[in-house]
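Peer 1: Each protein sequence line maps, in turn, to chains R and F.
Under UniProt numbering, the letters of the first sequence match residues 1 to 172, in that order.
Under UniProt numbering, the letters of the second sequence match residues 1 to 172, in that order.
Derived by calculation from the structure, the hints in this document are not laboratory data.
Where hints are given, some of them may not hold.
Remember, identical chains collapse to one label, so a pair may be satisfied in a single copy or spanning two.
Stated by the list, open to error - Cut-off 25 Å, straight-line C-alpha distance, at most; resulting in silico cross-link-like pairs (DSS-like, lysine-lysine):
| id | residue 1 | residue 2 |
| --- | --- | --- |
| 1 | LYS16 | LYS144 |
| 2 | LYS49 | LYS78 |
| 3 | LYS156 | LYS136 |
| 4 | LYS9 | LYS125 |
| 5 | LYS140 | LYS121 |
| 6 | LYS136 | LYS92 |
| 7 | LYS16 | LYS125 |
| 8 | LYS140 | LYS106 |
| 9 | LYS121 | LYS97 |
| 10 | LYS68 | LYS144 |
| 11 | LYS103 | LYS156 |
| 12 | LYS16 | LYS140 |
| 13 | LYS134 | LYS104 |
| 14 | LYS144 | LYS156 |
| 15 | LYS92 | LYS144 |
| 16 | LYS119 | LYS156 |
| 17 | LYS68 | LYS140 |
| 18 | LYS140 | LYS156 |
2 protein chains.
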Amino acid sequence: MKTKFPSEKHYELLAKDFPSVDSDITKSYLEYILICQKTIAKIESYLSKIEMTNSQFLILLCLYVSDKNIDNITNISKKLGISNVTVSNVVKTLQIKGLVERKKLKEDKRFSRVVLNKKGKDFMKNFIPEYYSKYKGLFKEFDKEELLQLQFLIVKLNLAIESMSGKEKFWW
Amino acid sequence: MKTKFPSEKHYELLAKDFPSVDSDITKSYLEYILICQKTIAKIESYLSKIEMTNSQFLILLCLYVSDKNIDNITNISKKLGISNVTVSNVVKTLQIKGLVERKKLKEDKRFSRVVLNKKGKDFMKNFIPEYYSKYKGLFKEFDKEELLQLQFLIVKLNLAIESMSGKEKFWW
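Work out the full structure, taking the sequences as your base and the hints as a guide.
Peer 2: Structure (structure tokens):
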């Protein structure tokens with residue numbers, strides 16, 4: 001059993017020191033960022049055993065479901081909410097692993113697209129069912145309705161993040 | 001408006017290629033890791049403007065609410081779900097910033113604790129209300145009941161992560 005943090009006592013202390021701060025929002029915020037962090041850490045720890053990272057997997061998945069398994073850096077970046085620079089770097093690693101290739105556009109040689117090749121597709125065909133057998137455990141305490149609730153709340157979180165990006169450049 | 005990823009079409013393709021994989025679980029999983037990643041990226045981007053990181057903030061908060069503002073590396077690591085090594089490194093950065101100090105134990109000089117000093121406490125007193133005015137935006141689409149739903153689902157996610165850590169060392 002892990003130490004509960006923040007505990008009810010901690011929230012009471014924060015409520016006393018910061019009367020202008022809504023405790024319910026703060027509780028949701030802290031628990032939400034802690035679980036985001038723990039989940040990402042767990043995933044990275046698992047994927048590192050097969051020399052994979054979360055970003056690598058998501059880019060491979062993005063290409064796997066794309067038309068003709070082709071997409072460009074900017075689109076992938078928008079879909080995953082990862083910066084262009086990071087996507088470019090991760091794509092380079094995936095090229096070294098032989099899972100993806102760069103293809104120059106016939107119309108304009110300055111631009112190129114990323115293609116999931118045969119080796120990449122085969123990797124995903126084997127890996128997705130294996131990965132599923134692990135990640136399904138994350139939701140083992142959830143019933144059908146709770147899975148839908150989670151999806152619904154994620155839509156609202158996405159809306160908040162997207163609407164705020166526009167207004168203030170430096171903050172969601 | 002961002003490109004919806006994965007789209008319903010993408011999920012249909014995955015369901016066709018992987019009949020043994022439950023689409024509802026996969027949908028929840030992908031949307032969940034994407035929102036975790038986007039949220040962490042947004043927070044890091046905001047905090048970087050004031051030369052702060054998410055881990056630095058969480059460690060400061062951990063000390064702020066602790067008895068006498070003192071705790072040790074192992075406890076902080078357990079509370080936040082961050083590795084001992086990372087906590088040690090972040091604490092070093094916070095020492096350089098002058099926000100925390102290391103205190104050797106009288107009983108055993110080999111062990112030391114981390115203390116939030118006056119400058120650290122003052123920083124948090126100013127920063128928390130300012131930070132709140134930003135992070136409350138994340139839940140602007142949530143009503144009271146939905147905030148509670150989120151907290152409830154996070155408890156279940158935490159349970160899953162904790163119970164699985166024990167069984168398989170390398171995976172939740």
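Peer 1: Compare the structure with each hint and give your call.
Peer 2: Hints versus structure:
1. In this homomeric assembly, LYS16 and LYS144 come within 25 Å of each other (Cα to Cα) only across copies, at 21 Å, whereas the closest approach inside a single copy is 39 Å.
2. Taking the closest pair of Cα atoms, LYS49 and LYS78 come within 25 Å of each other only across two copies (22 Å); inside a single copy the shortest separation is 28 Å, beyond that limit.
3. For the homomeric pair LYS156 and LYS136, the shortest alpha-carbon distances inside one copy (23 Å) and between copies (13 Å) are both at most 25 Å.
4. When the C-alpha separation of LYS9 and LYS125 is checked against a cutoff of 25 Å, the pair qualifies only between copies, where the shortest distance is 18 Å, while the shortest distance within a copy is 48 Å.
5. Taking identical chains as interchangeable, the C-alpha atoms of LYS140 and LYS121 are never at most 25 Å apart, the minima being 29 Å within one chain and 40 Å between chains.
6. For the homomeric pair LYS136 and LYS92, neither the shortest alpha-carbon distance inside one copy (30 Å) nor that between copies (38 Å) is at most 25 Å.
7. When the C-alpha separation of LYS16 and LYS125 is checked against a cutoff of 25 Å, the pair qualifies only between copies, where the shortest distance is 12 Å, while the shortest distance within a copy is 54 Å.
8. Taking identical chains as interchangeable, the C-alpha atoms of LYS140 and LYS106 are never at most 25 Å apart, the minima being 48 Å within one chain and 46 Å between chains.
9. When the C-alpha separation of LYS121 and LYS97 is checked against a cutoff of 25 Å, the pair qualifies only within one copy, where the shortest distance is 13 Å, while the shortest distance between copies is 48 Å.
10. Proximity of LYS68 and LYS144 under a CA criterion of 25 Å is satisfied in neither setting, with 33 Å inside one chain copy and 45 Å between copies.
11. When the C-alpha separation of LYS103 and LYS156 is checked against a cutoff of 25 Å, the pair qualifies neither within a copy, at 37 Å, nor between copies, at 44 Å.
12. Taking CA atoms no more than 25 Å apart as the test, LYS16 paired with LYS140 passes between copies only; the shortest distance there is 23 Å, against 37 Å inside one copy.
13. When the C-alpha separation of LYS134 and LYS104 is checked against a cutoff of 25 Å, the pair qualifies neither within a copy, at 37 Å, nor between copies, at 42 Å.
14. Taking the closest pair of Cα atoms, LYS144 and LYS156 come within 25 Å of each other both inside a single copy (19 Å) and across two copies (14 Å).
15. Taking the closest pair of Cα atoms, LYS92 and LYS144 never come within 25 Å of each other, the shortest separation being 39 Å inside a single copy and 45 Å across copies.
16. Taking CA atoms no more than 25 Å apart as the test, LYS119 paired with LYS156 passes in neither setting, with 37 Å inside one copy and 37 Å between copies.
17. Within a single copy, LYS68 and LYS140 get their C-alpha atoms no closer than 34 Å, and across copies no closer than 39 Å, so neither meets the 25 Å cut-off.
18. Taking the shortest Cα distances, LYS140 and LYS156 sit within 25 Å of each other both inside one copy (23 Å) and across copies (9 Å).
Violated hints, in rising order: 5, 6, 8, 10, 11, 13, 15, 16 and 17; the structure is consistent with all others.
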